[in-house]
Amino acid sequence: DAKTTQPNSMESNEEEPVHLPCNHSTISGTDYIHWYRQLPSQGPEYVIHGLTSNVNNRMASLAIAEDRKSSTLILHRATLRDAAVYYCILRVGSSNTGKLIFGQGTTLQVKP
Amino acid sequence: DSGVTQTPKHLITATGQRVTLRCSPRSGDLSVYWYQQSLDQGLQFLIQYYNGEERAKGNILERFSAQQFPDLHSELNLSSLELGDSALYFCASSVGILNEQFFGPGTRLTVL
Chain C
1 DAKTTQPNSM ESNEEEPVHL PCNHSTISGT DYIHWYRQLP SQGPEYVIHG LTSNVNNRMA
61 SLAIAEDRKS STLILHRATL RDAAVYYCIL RVGSSNTGKL IFGQGTTLQV KP
Chain W
1001 DSGVTQTPKH LITATGQRVT LRCSPRSGDL SVYWYQQSLD QGLQFLIQYY NGEERAKGNI
1061 LERFSAQQFP DLHSELNLSS LELGDSALYF CASSVGILNE QFFGPGTRLT VL
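Chains C and W are the protein sequences, given in the same order.
Mapped onto my numbering, the consecutive letters of the first sequence carry residue numbers 1 to 112.
Mapped onto my numbering, the consecutive letters of the second sequence carry residue numbers 1001 to 1112.
Keep in mind that the hints were calculated from the coordinates and are not lab data.
Taking lysine-lysine pairs in the DSBU-like style, the calculated list, with each CA pair at most 35 Å apart, reads:
no.	chain 1	residue 1	chain 2	residue 2
1	W	Lys1057	W	Lys1009
2	W	Lys1057	C	Lys3
3	C	Lys69	C	Lys111
4	W	Lys1009	C	Lys3
5	C	Lys111	W	Lys1009
6	W	Lys1057	C	Lys69
Bound conformation, chain C alone (with noise of 0.2 Å):
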């Protein structure tokens, strides 16, 4: 399985947009760019997903490198509920198992 890169944590003040980068130089042409967060003391949940083109949902935004070896999730308008783990995951997409792979994601912390 591909491997990404995250920086442990980061910081942001509520209200603010949040840019949370991820690295992930060995990408395979059909790896999907997948984000999930967990909020304290609760399961993982899905953010969003993307192959090549940017992306957008009622929850965030993805942005994809032009050579897919690096992605941003963005939170345009970070809020306390928003303080959680978030995790970027790759999955094969000729894959025949959904198995997720967990790196040790980037913990945010939203300032008041």
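Mind docking chain W on chain C? Use the hints.
Positioned in the frame of chain C, the structure of chain W alone reads:
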């Protein structure tokens, strides 16, 4: 609420014992995954079932086993428990193999 239910929420037992963790997937989801989260190892994939059949195995110990029943609920059996098995065990479900996964609230296992 993800729609995935796990029972029990908490389990305290002694070394050498055997326990069963139960997971009910979201209605319509065919795939069930089990993950273990401990402080030192982070979130680790254990095993996946799809429509009753084992699809993938991760770092699952031989003392652990799982199955998915015809009604699609799943059970994770942990036997000859050791102190190091204390962890949060999450179940997740998805419609297909590569769709987003929905995680349950977890079962916290404490082995004394």
